[in-house]
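Protein chains in written order, with the working numbering: chain A, 15 to 241; chain B, 14 to 219.
Cβ-to-Cβ under 8 Å is the rule here; a few derived chain A residues that face chain B:
(1) A22
(2) R30
(3) H38
(4) E101
The set of hints was computed from the structure by calculation and includes no laboratory data.
Cβ atoms here follow ideal geometry from the backbone N, Cα and C, with glycine treated the same way.
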Amino acid sequence: MSQPSMSAALRGVVRRDLLLAMRHRSDVAMSVFFVVIVASLFPLGVGPEAAVLRMIGPGVLWVTALLACLLSLGRLFTADYLDGVLEQTALIPQPLAVLVVGKVFAHWVISGLPVVLLSPLLGLQFGLSGDSLGVLTLSLLLGTPTLSMIGAIGAALTLGLRGSGLLVALLVLPLFVPVLIFGAGAVTSSLAGIGSEANLSLLGACFLLSLALAPWATAVALRIALE
Amino acid sequence: MFQTVALSGSRGERQLFSDVSVTVKPGTLLAVVGANGSGKTSFLRMLCGLLSPDCGTILWQGNDIRQLKELYSAQLTYIGHLNGIKDDLTPVENLKVSACLAGDNSSGEVVQQALEAVGLGRSVHRLPTRVLSQGQKRRVALARLWLSTRPLWLLDEPFASLDAVATGYLTQRLQSHLSNGGVVVIATHQEIALPTESVQHLRLTR
Numbered sequence: 015m016s017q018p019s020m021s022a023a024l025r026g027v028v029r030r031d032l033l034l035a036m037r038h039r040s041d042v043a044m045s046v047f048f049v050v051i052v053a054s055l056f057p058l059g060v061g062p063e064a065a066v067l068r069m070i071g072p073g074v075l076w077v078t079a080l081l082a083c084l085l086s087l088g089r090l091f092t093a094d095y096l097d098g099v100l101e102q103t104a105l106i107p108q109p110l111a112v113l114v115v116g117k118v119f120a121h122w123v124i125s126g127l128p129v130v131l132l133s134p135l136l137g138l139q140f141g142l143s144g145d146s147l148g149v150l151t152l153s154l155l156l157g158t159p160t161l162s163m164i165g166a167i168g169a170a171l172t173l174g175l176r177g178s179g180l181l182v183a184l185l186v187l188p189l190f191v192p193v194l195i196f197g198a199g200a201v202t203s204s205l206a207g208i209g210s211e212a213n214l215s216l217l218g219a220c221f222l223l224s225l226a227l228a229p230w231a232t233a234v235a236l237r238i239a240l241e
Numbered sequence: 014m015f016q017t018v019a020l021s022g023s024r025g026e027r028q029l030f031s032d033v034s035v036t037v038k039p040g041t042l043l044a045v046v047g048a049n050g051s052g053k054t055s056f057l058r059m060l061c062g063l064l065s066p067d068c069g070t071i072l073w074q075g076n077d078i079r080q081l082k083e084l085y086s087a088q089l090t091y092i093g094h095l096n097g098i099k100d101d102l103t104p105v106e107n108l109k110v111s112a113c114l115a116g117d118n119s120s121g122e123v124v125q126q127a128l129e130a131v132g133l134g135r136s137v138h139r140l141p142t143r144v145l146s147q148g149q150k151r152r153v154a155l156a157r158l159w160l161s162t163r164p165l166w167l168l169d170e171p172f173a174s175l176d177a178v179a180t181g182y183l184t185q186r187l188q189s190h191l192s193n194g195g196v197v198v199i200a201t202h203q204e205i206a207l208p209t210e211s212v213q214h215l216r217l218t219r
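Chain A with its partners taken away, still in its complex shape (with noise of 0.2 Å):
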């Protein structure tokens, strides 16, 4: 009798979830354009006043990154809940967090590295300066895999539930707030050329407390949606 080892069973989880993400190429795909076309309506609403687009800029494009990480999070857990998939994986005989972080991290590759990957072109719409896109990038690379790891908690949370779309909503937006300061704070103190490297500093310690919690809890909620 074999048991998987810890490396062996999270390669296995993100490896299914890719997989999966690969045969419903449109959902990723309509993440990406939700997100091309928020970003891009701002500029056509707000007119093209180049000092009120990079004024605007930071918090426009951290406001769609984090929509577009709470619409995905219904896909996160509920198919696997549904099919029986869950249940399984919660009988892997290994602790159910790690399992999580196998998740969290496939759902960030979908639903999250397209917006970092994006967000240079689309910071050019707002007039973002050639630094300020790169803390932009960095910043939505620390913050974007934080929002799904908080996300999870509330996906977890609400498993099962009737109406869980905007349960979900009410119970991670507040949560997400500290990230959305600290991500759309540094785009803007880089504007200011005031330095981001407070604002990064925090989203990292946002980032690895996360890491540190999220899977914990979000491995307690979904042993209790399973009960």
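For this one, chain A is given, so just place chain B on it according to the hints.
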């Protein structure tokens, strides 16, 4: 050896069963029977640790499963009334992933042999599982038993949706597992065509 001591379970306000004590020795199949809603599925989910009992203890090799945690999970294969397979993956992909996660042999050849053992020919191995019939999907889920090397099998209505041929395959597999000293707990409404000395019955009542 597998044992429950004074196990009681409920769903919400409703008491399902109480004071269930049973011992299952290696090489024995425990058939859990009872009317619809009598708590067979809940009983099985308690045995695999997915559901907490109201009171009582579940022992595996003399140790409380709550203390064993992942060590206990490494001893069991559970197939619930949900198949636990992904409709968008092929039967081969489903089995490979689940074998890899369970730590079983997940090589392509072994997985294909497992699917053939449940009567799924190579023509369906590469189709999305979503296009298969309910019975074929159940066969894909049950093919995990041909990959499993774990001693304890917990199966919830494994014969549901199966035709006579597939039922025969599964019965043979159960027989061979029991011959190797394995333990099987099945929630079922059907008679199981196994030697009576290796089958124990548990009727759940409130």
